[in-house]
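J.: Each chain, written out:
There are 4 protein chains.
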Amino acid sequence: MPFSPIAVRTDMAVEAREIVRGADAREVPGVRVRERAAGGVKVTEVTVTTDEGARLLGKPVGYYVTLDAPAFRERDPDVRSALTDATADVLAPLVARAKGEHVLVVGLGNWNATPDALGPRVVDRLLVTRHLAAFLPEDVRRRTRPVSAVAPGVLGTTGIETVDIVRGIVREIRPDLVVAVDALAARSVERLMTSVQVTDTGIHPGSGVKNRRQGVTADSVGVPVVAVGVPSVVLASGIVQKALDLLADELRDELMFAEIVEGMTAPERRQLVEEVVSPKMGALMVTPKEVDELIDDMADVLAEALNRALQPDLDRKEWA
Amino acid sequence: MPFSPIAVRTDMAVEAREIVRGADAREVPGVRVRERAAGGVKVTEVTVTTDEGARLLGKPVGYYVTLDAPAFRERDPDVRSALTDATADVLAPLVARAKGEHVLVVGLGNWNATPDALGPRVVDRLLVTRHLAAFLPEDVRRRTRPVSAVAPGVLGTTGIETVDIVRGIVREIRPDLVVAVDALAARSVERLMTSVQVTDTGIHPGSGVKNRRQGVTADSVGVPVVAVGVPSVVLASGIVQKALDLLADELRDELMFAEIVEGMTAPERRQLVEEVVSPKMGALMVTPKEVDELIDDMADVLAEALNRALQPDLDRKEWA
Amino acid sequence: MPFSPIAVRTDMAVEAREIVRGADAREVPGVRVRERAAGGVKVTEVTVTTDEGARLLGKPVGYYVTLDAPAFRERDPDVRSALTDATADVLAPLVARAKGEHVLVVGLGNWNATPDALGPRVVDRLLVTRHLAAFLPEDVRRRTRPVSAVAPGVLGTTGIETVDIVRGIVREIRPDLVVAVDALAARSVERLMTSVQVTDTGIHPGSGVKNRRQGVTADSVGVPVVAVGVPSVVLASGIVQKALDLLADELRDELMFAEIVEGMTAPERRQLVEEVVSPKMGALMVTPKEVDELIDDMADVLAEALNRALQPDLDRKEWA
Amino acid sequence: MPFSPIAVRTDMAVEAREIVRGADAREVPGVRVRERAAGGVKVTEVTVTTDEGARLLGKPVGYYVTLDAPAFRERDPDVRSALTDATADVLAPLVARAKGEHVLVVGLGNWNATPDALGPRVVDRLLVTRHLAAFLPEDVRRRTRPVSAVAPGVLGTTGIETVDIVRGIVREIRPDLVVAVDALAARSVERLMTSVQVTDTGIHPGSGVKNRRQGVTADSVGVPVVAVGVPSVVLASGIVQKALDLLADELRDELMFAEIVEGMTAPERRQLVEEVVSPKMGALMVTPKEVDELIDDMADVLAEALNRALQPDLDRKEWA
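Protein chains in written order, with my numbering: chain Z, 92 to 411; chain A, 92 to 411; chain D, 92 to 411; chain X, 92 to 411.
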């Protein structure tokens, strides 16, 4: 049963790479990975360098950084502060890389559905400055980057593909860069509300959680798109996977179960679940019980990190 | 002290006409007015037919209908139902007049500021269908008009002029008609949350309550714009006006006050207040204490009237 | 491996009975069940008549009605209307049974976490009348039951056990009956946002989704408590269960898996998952992707059904 | 026309004292006033020491501190920070004065009506700890005061007098002190969203903006009540007053108006407006256009000041 890349359904490049690579010691061809620690946060940079890498991972060529802070769910202020610092540090050069000045932040997702509300909640906390230029004292104005922000809503409530709204606005106001913030779907239960992914490839049609048919990318909107995301749901099949692994572990000594479950490779097990379980459970999502508080915490982290990265010359107390 | 049209600051054509006409028995030149009753609702149609009329009223050439239901604030279900019927009846021909099919409803205003939340709350209750075509049974699909809807936010939170967002979206999705819903500023305390204005001229830069510099009109967005509005605030100067009138009445017998206040014509009194009071109180707005419930009631009325006018071939229970 | 009742973790009596009874043709001792159809809605009345029944099901002696409308998730207006009718019919005699007049409706749960927001959203749509007596015309007043309503918040945001808040309010305002509305946890993925449970036993400490240590019952608050609930989440272990069943079905011909999985009885499989999976996944919940719209639909259904049951002598248009 | 104290309708003691005292150089009998500056904030302490003072001011015997920060409406971060410091400093001794430990914070007002949403928004930002004792590390627990918090809603949506809900909860959980946070009605347009009043007398039935018939005081709830409020509305009559003053100033040279308006004393003018204007405009409120942002800013200030005053032994980053 050879592994089919089609089965890799996650919004996170770091997970796609873990799955494709499996237990194998060799790296996926066309993929470069570097890991480091930043004040208690694990930073994994995945660079997809070739079309083959892109095909294998199901992610376009580009740069993906994952910041893992497993203790974030315990709501420790030190962890929150470390994750904010690390996210701001990753964002700063990506923002600086955009030649121009004006940045449009787009908060994707649905205000009214908690696990999908990350984008709008970040936009709500962001320092928006584009309309203030005329009112700011000259010395503040010179230090202030024009930032605009929208939360365009979701297809189900607008009847319009999100990318069409974003493209329309971009064509009118011509920002130099779009930063898109979104809730993601992950495979791994451990990453739920503990990881941040930053990428220069934009937002791509997801794993089916979002009912989004088109991505928000440089190609589709016409200017570079940096995407910032946090996994807030895993698909039901993801936790079934995890459960089978737990059961296989537990039942190692019970001969027959072990034989069948252990007898399959991890990708085989994954494909089995994907084929049998997903069609029946595709419309379910798994999310932490305390998702409301965690989304708020993450919105604080991302808004602060974005404000710092976007306004390096303003003092923190000028926006807080 | 000749009356200067500049002092007419109201979003309602019917009020502009009342002010300009004054106690005079003659109609304002270039303006045609018809009044009728519709089930307890007073319907006033104001048609501005010439540029002179437009200049005098400070409102563009076009058609303005005001539906007055003074008892609406008492939250009587019969009044609500009569106002819904009357609004749907006024909207239906304006929607039908647009040649094509697809209608984009735009909810202007700010979700988080109650007196300005009418537009977003209407959008929230609207039957949005544009994205459903592929999923509807053929017989339902044929009876269903494609409707999309957005609540683009306000300049203060997006950093973008509302009209730029709307124009961008219109250029992408090419609706045949835009219906813009907005909270209005009125002069008359009696009209607060009791009147609906429908017009085929779109939304024009307001009386200063909105900080909006550009209108949402056929000229600015490229397709016809029908606007639906409800006065939710009056400017502070409006109630001072009203108060002076009340005091003049009360003090008719106290010689000196009567002499001075009665000695001025109504426009003179208005201009005096405008010049002395407005500069100091321009940033204040007056709104009914129970504005939250009333905005919700009105959002119900407008959403129902819009659903009926936009989907004449669907049964009410298909969207309720 | 004898089945331990401790493993039955669901807020729904109908599910507890299904699990305990298993494939067995005999009814659980001390439990009486009647099924009927009501306009497309399946109505299952479970009456726990003895302490043994209560112990076996893990539910107190009392009356539990489940209304199943599997098509509710497709958002069909006819289904919604049938479910509203059926719920109102079940509620009416339970409300009438309370001797007095005044009913306090309590919306349990958390406004800000969508899957838990059912209770507060119902309260928001309810006709509240207790404070209006003095203002109503005599003929309306005589036909109007005094209804009050609170959404007390959750332990995590108040620092207070919900039952303490409810008991305190009950002691002050002395209602004759409390109706508690809450989101429930179920085992069965199929019942998610498609079923309503009504019971005369109140709310009991849940399956762990709620972090609630004490129930809201006649014993704890001092007046009878009717509870109305809708399952909006299943525990992660619930879907693993379901997945194992699906896999066992699929793999019936693959000898070894069949042997092990088929070789276990359903309760054994359940207990296995409970012991191995739950400790690691207890803090996760599974919910439909479109939970926001479904919670709103259900809040409409329950508010309308409650208004009808509580105000049998008012005309629908007097509250809508 | 002798001045009747009944006409003093403001929630702010400092305004009542200004009105009663008039232009007079002598202090109101039974009232003691001290003024000082605290980092750009003007602090006025009004102590009502006798029943005569209470009768004259229409405010019970007790201690009232007003913090005026006129520049707050310009949203300057330095002003915000100075106001936070000053409020925390005023609150600290009032909290310490309560013998026990446990403090219940009550956020009065209506979530959904922006000018009345201050209380609930403060509660939403507060560090709530009462339920955490068992989970905190011993060293943190010892430094942490048990704090609980509720936002009980308003009569119009609950059908229950707010004081009954608060009293019921107090009787159940027996806090040592209640801190009630509320939006206030002021007379002075200048104080709108720029002042904070702190008092040890609790909340008293207001100026009619609130439809509240009973206060939240030590007498009515059974434990001491510290109240913290911010004026977010002025009554319509308040701005008419102000307008007449502006007109009188402006028209000083126009003989007749001057004679009549100047001829009246300020209290006479006030009473005239009260009698003529208020009955017709009592249901209107005046509020700044940008009230949503200002309420959010003030909620930040009060929540931070309360957290500091309630948790003097916790580090700021432990709650932020």
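If you are wondering where the hints come from, they were derived from the structure by calculation, not from laboratory data. Misleading hints may appear alongside valid ones.
Reference excerpt, derived from the structure (chain Z facing chain X, CB under 8 Å, subset only) [what the hints assert, rightly or not]:
hint	residue
1	168
2	408
3	409
Where chain X lies over chain A, by a calculated footprint (3+ residues, C-beta under 8 Å) [stated by the list, open to error]:
hint	segment
4	122-136
5	395-403
Note that beta-carbon positions come from the ideal geometry of N, C-alpha and C, so glycine has one too.
J.: Now tell me if each hint is right for this structure.
T.: Hint by hint, here is what the structure shows:
| no. | hint | in the structure |
| --- | --- | --- |
| 1 | 168 | holds, 5 Å |
| 2 | 408 | holds, 5 Å |
| 3 | 409 | holds, 6 Å |
| 4 | 122-136 | violated (count 0) |
| 5 | 395-403 | violated (count 0) |
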